[in-house]
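The opening residue of the sequence shown carries number 7 in our numbering; numbering runs sequentially from there.
What you were told as hints is all true, and nothing was included just to trick you.
Think about it this way: if two alpha-carbon atoms lie no more than 27 Å apart in a straight line, the pair counts; the simulated DSS-like pairs of lysine-lysine are:
id, residue 1, residue 2
1, Lys76, Lys116
2, Lys68, Lys116
3, Lys116, Lys106
These aren't lab readings, by the way, just hints derived from the structure by calculation. In this text, all values refer to a predicted model and were calculated from it rather than measured experimentally.
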Amino acid sequence: MSALAIQQTIETYINAYNNFDVEGMVAQLHPEIEFENVADGEITLSLKGLDAFKAQAQDATKYFTKREQKITQLTIVNNTAEAQLDYTAIVAIDLLNGLKAGDKLDLKGKSVFTFEDGKILKLQDYS
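Using the sequences and the hints given, assemble the complete structure.
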């Protein structure tokens with residue numbers, strides 16, 4: 007897979023994410039997708055397979071009224087890409103971590119994408 011194809015797939019995925027387009031996100035994923043969310047060095051969520059990913063992605067849409075990931079740097083080596091991200095979101099509902107509806111999140115993080123057969127096989131989000 008070319009670096010350009012990897013970049014385009016990531017941009018398509020992030021655009022779908024920003025627009026709450028779960029079907030558009032899932033269309034970029036390998037059937038055996040592995041997803042991990044890592045916060046402060048600890049895995050807070052781990053999923054395997056399209057169905058599990060899709061269910062979580064649909065559930066997550068209700069937590070925010072707006073969300074946006076912006077790539078600030080993209081490094082591609084072979085079939086792996088690391089995207090440095092700026093993330094902003096507006097919370098839609100009161101959350102268990104103390105955030106309230108209407109609160110704004112501003113975070114920096116990174117996502118590591120591993121590709122196989124032209125699709126995202128593994129996605130690791132770090133914040």
